[in-house]
Amino acid sequence: MSNLLSIEPVRILTYLVGICAFVGANAAYLVLAERKIAGRIQRRPGPNEAGYGGWMQPFADVLKLFAKQVMIPPGTDILLYCAAPLMVMAPPLMCLAVVPFGESLVARNLDIGLLFVFAFGSINVMALMLGGWASRNKYSIISAARVVSQNVAYEIPMLLVVITLLMVAGTLDLNELIRQQAGGFWNWNLLRVWVNPLMPVTFIIFFICMLAETNRAPFDMAESESELVAGAFTEYGGMGFGVFFMAEYSNIVLGCCLGTVLFLGGWQSPLPLAALSGPLWGPVWFLLKMYALIFTVMLVRWTFPRTQFYGLLNLSWKILIPLSLFSLLLTGAMMKLPLVLQRLF
Amino acid sequence: MTTFPFSDYIITGIFCLVVATTVAGALVAALSTRIIRGVTGLMICCLGLAGLYYFLNSPFLALMEILIYVGAVCVTIIFGVMLAEPDEPAGSESRSHYLLWGGLALLVSAVVFATVASLSLHGPWAAPAERVTDGSIRAIGLSLLTTYSMAFELISLVLFVAIIGALVIARAGRTKE
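These protein sequence lines are chains A and B, in that order.
For the first sequence, the residue numbers in this note's numbering are 1 to 345.
For the second sequence, the residue numbers in this note's numbering are 1 to 177.
Keep in mind that a hint or two might mislead.
Chain B is nowhere near these chain A residues, computed Cβ spacing over 10 Å in every case [as the list claims (entries may be wrong)]:
#, residue
1, L32
2, A119
3, M129
4, L130
5, A230
6, K318
7, Q342
Derived CB-CB ranges, DEER-like [what the hints assert, rightly or not]:
#, chain 1, residue 1, chain 2, residue 2, range
8, B, A20, A, C20, 24 to 34 Å
9, A, V201, B, L167, 21 to 31 Å
10, B, F79, A, F345, 44 to 54 Å
11, B, G13, A, P45, 46 to 56 Å
12, B, A139, A, G18, 30 to 40 Å
13, A, A90, B, D8, 42 to 52 Å
14, B, I169, A, V10, 55 to 65 Å
15, B, L145, A, A90, 27 to 37 Å
16, B, T147, A, K336, 37 to 47 Å
17, B, L100, A, A67, 47 to 57 Å
Calculated cross-link-like contacts (lysine to any residue; reagent style SDA-like; alpha-carbon spacing at most 25 Å) [to be verified]:
#, chain 1, residue 1, chain 2, residue 2
18, A, K318, B, V168
19, A, K138, B, I77
20, A, K318, B, L107
21, A, K318, B, F79
22, A, K318, B, I164
23, A, K318, B, R171
These aren't lab readings, by the way, just hints derived from the structure by calculation.
The beta carbon of each residue, even a glycine, is placed where N, CA and C say it ideally should be.
One chain only, chain A, in its complex shape (with noise of 0.2 Å):
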């Protein structure tokens, strides 16, 4: 198996297949548990007739999206009306080739993954709002123009953030940070409180970030179904719709495989035992964690009301950037100060 594995042709394609089945399986049953957990919020079932206990929905709906007629609406522009959907489905895909769901786990491990999961993400921005402008639609174009400044906003805490933890840890590569918080939970980034105070403050803006990135709610601007329709999607129907839904869970699923990376120690287990470690827990642990985050971005989306758009942007401009200054500036300090002083006396 192993030497089948390291053969390159073969270990392409197996990544290619897992990696996009990984994404389908999981944009199909989050929408399921989505649906679940909106029921058991709001006391109501959810879906719960198509196969035991509704597990047979996420088939369904996709049969039915696939059924469905493309319909391209008069008076877009086709080119970019076609081309959103692709490229708002890519990235994604891409950068999930460099997560580490294990320690050897990972399609391609490159030294400078985390810029390169970065930069790929920001083409997702440029999709929506493609998509928004190319529908000619006015609620679509409202949206169009709410994304890019949400995410334009929003990209800024997200970088510092990074920044900050990028400047304790001196590393790029997404296997060497994980590896660098090796040793029980107190070790994770998330409570490295002697490195900076501020680090579960980090996260949190890390969360709001991801968050307000992937246009989940209370950010859910760009998509408001009770002001806009639909926002960037309302023009589309059949599977370009489902692609963009697609697209929503996996960058969700990317952005909670990130903050399990980075704050909460990847495929590290909780405590320093040499029973919970190794080849096989490793996955298992980054699953539980990444699970568990997405979890509360759903738990998140089902309790709290949307903001309003001024709300978000002074959010962002005026308390989480600031803050996220003031932690990056206070990581400096607390890694030079102990040399300088060392030089002084």
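With chain A's structure known, arrange chain B on it following the hints.
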């Protein structure tokens, strides 16, 4: 890890694809009458450029090209386009007018291209004795903060001036009566 079969052909194919993407993006950006398609062309061109940087052995620069030019610059341009005007193709200018400016632009760009091409073909190239850096992020960071720190700081000054200018322009319509 074994080598990929036919890897030479595949690499050549990918290189051709990257060059084609760059050229096609540039053509779309230059020839399209709808401004939003022009920006999309620019984005495609930048993606191709990133691929070219990768073939020049600097993956860091390639990813930065995508992060900054596709993720930030193109998005900002589109934001500007949205604020400016609805994207209807402009058809009011007369044809002779069009030809005049087009011919002028063609002349200027042909001269620039010929100059750069002749310079790069016949000019003296000082070949470095050995590779100065290994192109890793560490080497780039060190050289940015030591050898090239002046240029680095000057660039930040340019950005600072740009931000101040944008604030001044945006502030103009906002005084309270």
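Hint check results:
Look at A/L32: its CB is around 32 Å from the nearest CB on chain B, clear of 10 Å, so calling it non-interface holds up. Against chain B, the non-interface label of A/A119 is violated: not every CB pair exceeds 10 Å, the least being about 4 Å. At the 10 Å boundary, the C-beta of A/M129 falls inside the reach of chain B, the nearest C-beta of that chain being 6 Å off. A beta-carbon of chain B is positioned within 10 Å of the beta-carbon of A/L130; the least distance is around 7 Å.
Even its closest Cβ contact with chain B, about 19 Å, leaves A/A230 beyond 10 Å, as expected for a residue assigned away from the interface. For A/K318, the shortest C-beta to C-beta distance to chain B comes to about 16 Å, beyond the 10 Å cut-off, and the non-interface label holds. At roughly 21 Å from the closest C-beta of chain B, the C-beta of A/Q342 stays outside 10 Å, upholding its exclusion from the interface. The hinted range of 24 to 34 Å is satisfied by B/A20 and A/C20, whose Cβ atoms lie roughly 26 Å apart.
Under the hint 21 to 31 Å, the C-beta atoms of A/V201 and B/L167, about 29 Å apart, fit the expected range. The given range of 44 to 54 Å is respected by B/F79 and A/F345, whose C-beta atoms sit roughly 52 Å from each other. Between B/G13 and A/P45 the beta carbons are some 53 Å apart, a value that agrees with the proposed interval 46 to 56 Å. A hinted range of 30 to 40 Å for the beta carbons of B/A139 and A/G18 is consistent with their spacing of about 34 Å.
A/A90 and B/D8 have their C-beta atoms about 27 Å apart, which leaves the hinted 42 to 52 Å range violated. Roughly 57 Å separates the CB atoms of B/I169 and A/V10, a value that falls within the hinted 55 to 65 Å. Evaluation of the 27 to 37 Å hint for B/L145 and A/A90 yields a pass: the beta carbon distance comes to about 35 Å. Separated by about 22 Å at the C-beta atoms, B/T147 and A/K336 break the suggested range of 37 to 47 Å.
Distance hint for B/L100 and A/A67: a CB-CB separation of about 55 Å, consistent with the stated range 47 to 57 Å. Pair hint A/K318 plus B/V168 holds up; C-alpha atoms about 20 Å apart against a cutoff of 25 Å. For the hint linking A/K138 to B/I77, the alpha-carbon distance of about 20 Å falls within 25 Å, and the restraint holds. Among the hinted pairs, A/K318 with B/L107 is inconsistent with the structure: their alpha-carbon atoms are about 50 Å apart, more than 25 Å.
Annotation: proposed proximity of A/K318 to B/F79 holds, straight-line Cα distance about 21 Å (limit 25 Å). For the suggested pair A/K318 and B/I164, the alpha carbons sit about 18 Å apart, so the restraint of at most 25 Å is met. Using a Cα cut-off of 25 Å, the hinted pair A/K318 and B/R171 holds, with the two alpha carbons roughly 18 Å apart.
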